[in-house]
Amino acid sequence: MAKLKQIIKKLVTLQKYDEEIQFLEEEIDSIPIEIQKQQDLQLQKQQEVEKEKEEIKRLQIQLKNKELDLQTIEEQIKKHTQELNTVKTNEQYRALLNEIERLNQQKDTVETEILELIEKQDFLKKHISEVEKNFSIEQAKIKQTIEQLNLRKQELETLLEEKRKQRSDFAQQIDDKYVSIYERVHSNRNSVMSAVVSTPDGYNCSVCNMRLTEQEINDIRKYEEFVLCSSCSRILYIEEDLQQETE
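Each number in this note's numbering comes from the position in the sequence shown (counting from 1) with 204 added on.
Since the hints were made in silico from the structure, they are not lab data. Just so we're clear, the structure is a prediction, and the values are computed from it rather than from any experiment. Built from N, CA and C at the ideal position, the CB exists for glycine as well. Some clues are possibly wrong.
[To be verified] Each computed PhoX-like pair below joins lysine-lysine, with the alpha-carbon atoms no more than 20 Å apart:
| hint | residue 1 | residue 2 |
| --- | --- | --- |
| 1 | Lys-257 | Lys-311 |
| 2 | Lys-311 | Lys-282 |
| 3 | Lys-241 | Lys-329 |
| 4 | Lys-255 | Lys-381 |
| 5 | Lys-330 | Lys-261 |
| 6 | Lys-345 | Lys-249 |
| 7 | Lys-357 | Lys-347 |
| 8 | Lys-367 | Lys-255 |
| 9 | Lys-367 | Lys-213 |
| 10 | Lys-213 | Lys-381 |
| 11 | Lys-311 | Lys-220 |
| 12 | Lys-249 | Lys-268 |
| 13 | Lys-357 | Lys-369 |
| 14 | Lys-241 | Lys-357 |
| 15 | Lys-261 | Lys-220 |
| 16 | Lys-367 | Lys-220 |
| 17 | Lys-268 | Lys-214 |
| 18 | Lys-214 | Lys-369 |
| 19 | Lys-337 | Lys-347 |
| 20 | Lys-213 | Lys-426 |
| 21 | Lys-345 | Lys-357 |
| 22 | Lys-255 | Lys-369 |
| 23 | Lys-324 | Lys-255 |
| 24 | Lys-257 | Lys-347 |
| 25 | Lys-367 | Lys-214 |
| 26 | Lys-220 | Lys-268 |
| 27 | Lys-209 | Lys-381 |
| 28 | Lys-283 | Lys-311 |
| 29 | Lys-381 | Lys-214 |
[To be verified] Computed spacing ranges between beta-carbons, pair by pair:
| hint | residue 1 | residue 2 | range |
| --- | --- | --- | --- |
| 30 | Thr-276 | Gln-348 | 49 to 57 Å |
| 31 | Ile-260 | Gln-352 | 49 to 57 Å |
| 32 | Gln-248 | Glu-279 | 23 to 31 Å |
| 33 | Glu-305 | Glu-252 | 42 to 50 Å |
| 34 | Gln-352 | Lys-381 | 39 to 47 Å |
| 35 | Glu-342 | Gln-448 | 56 to 64 Å |
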């Protein structure tokens, strides 16, 4: 009785090692995913800055084209104004005046568009200056976060190596026969051992919540052989019994 109780107690401890190892492995595996998220965020912020810069370039091209349009219109106005002195009929004179008036209206429109583009360009330059400032701050934060994640990963890997060694050393204290049973069950499920929990209606398996019979409870307390949950096939034990001194 005492021997099996001690074996179960050791198997419960072995399972705690496995739970800690699994937790460390999962946390280590999650870090590259988080680093990738930070790198994606970094790329997204960089693309946002590039998009703002491209918009300024687009405005500069528009502004240059409008300035060329204005220059062309002014040259046409100058040309037609000079032609006023060379026309021979009133009809030609009126036609030139109408064309000059039309060109002046077009000139006003283009000048307004140029002013609007300049204002928009000035606004975007100020905006992108602020965006780049924020981008620089955010990049520094992201870089720091990635460095911290890599450092954390190294720390966890060291801790995992230590925990695996502790687990291996502890497993050597248990008879190979029982370790083999434990490992066989553990290969198919995350946990092997399941504590019995007391409820107002009786006793349940703490893993699958299967109701246990009084006979099963009695068999567990005999500690003559492993009692498995009829639902999840885990080895059942009573926590209070393991806390008592070995008889």
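Here is how each hint holds up against the structure:
no.: 1; hint: Lys-257 x Lys-311; result: violated (29 Å)
no.: 2; hint: Lys-311 x Lys-282; result: holds (12 Å)
no.: 3; hint: Lys-241 x Lys-329; result: violated (30 Å)
no.: 4; hint: Lys-255 x Lys-381; result: violated (66 Å)
no.: 5; hint: Lys-330 x Lys-261; result: holds (14 Å)
no.: 6; hint: Lys-345 x Lys-249; result: holds (12 Å)
no.: 7; hint: Lys-357 x Lys-347; result: holds (15 Å)
no.: 8; hint: Lys-367 x Lys-255; result: violated (49 Å)
no.: 9; hint: Lys-367 x Lys-213; result: holds (19 Å)
no.: 10; hint: Lys-213 x Lys-381; result: holds (15 Å)
no.: 11; hint: Lys-311 x Lys-220; result: violated (83 Å)
no.: 12; hint: Lys-249 x Lys-268; result: violated (29 Å)
no.: 13; hint: Lys-357 x Lys-369; result: holds (18 Å)
no.: 14; hint: Lys-241 x Lys-357; result: holds (16 Å)
no.: 15; hint: Lys-261 x Lys-220; result: violated (62 Å)
no.: 16; hint: Lys-367 x Lys-220; result: holds (11 Å)
no.: 17; hint: Lys-268 x Lys-214; result: violated (81 Å)
no.: 18; hint: Lys-214 x Lys-369; result: holds (16 Å)
no.: 19; hint: Lys-337 x Lys-347; result: holds (16 Å)
no.: 20; hint: Lys-213 x Lys-426; result: holds (14 Å)
no.: 21; hint: Lys-345 x Lys-357; result: holds (18 Å)
no.: 22; hint: Lys-255 x Lys-369; result: violated (52 Å)
no.: 23; hint: Lys-324 x Lys-255; result: holds (15 Å)
no.: 24; hint: Lys-257 x Lys-347; result: violated (23 Å)
no.: 25; hint: Lys-367 x Lys-214; result: holds (16 Å)
no.: 26; hint: Lys-220 x Lys-268; result: violated (72 Å)
no.: 27; hint: Lys-209 x Lys-381; result: holds (15 Å)
no.: 28; hint: Lys-283 x Lys-311; result: holds (15 Å)
no.: 29; hint: Lys-381 x Lys-214; result: holds (13 Å)
no.: 30; hint: Thr-276 x Gln-348: 49 to 57 Å; result: holds (54 Å)
no.: 31; hint: Ile-260 x Gln-352: 49 to 57 Å; result: violated (35 Å)
no.: 32; hint: Gln-248 x Glu-279: 23 to 31 Å; result: violated (47 Å)
no.: 33; hint: Glu-305 x Glu-252: 42 to 50 Å; result: holds (46 Å)
no.: 34; hint: Gln-352 x Lys-381: 39 to 47 Å; result: holds (46 Å)
no.: 35; hint: Glu-342 x Gln-448: 56 to 64 Å; result: holds (58 Å)
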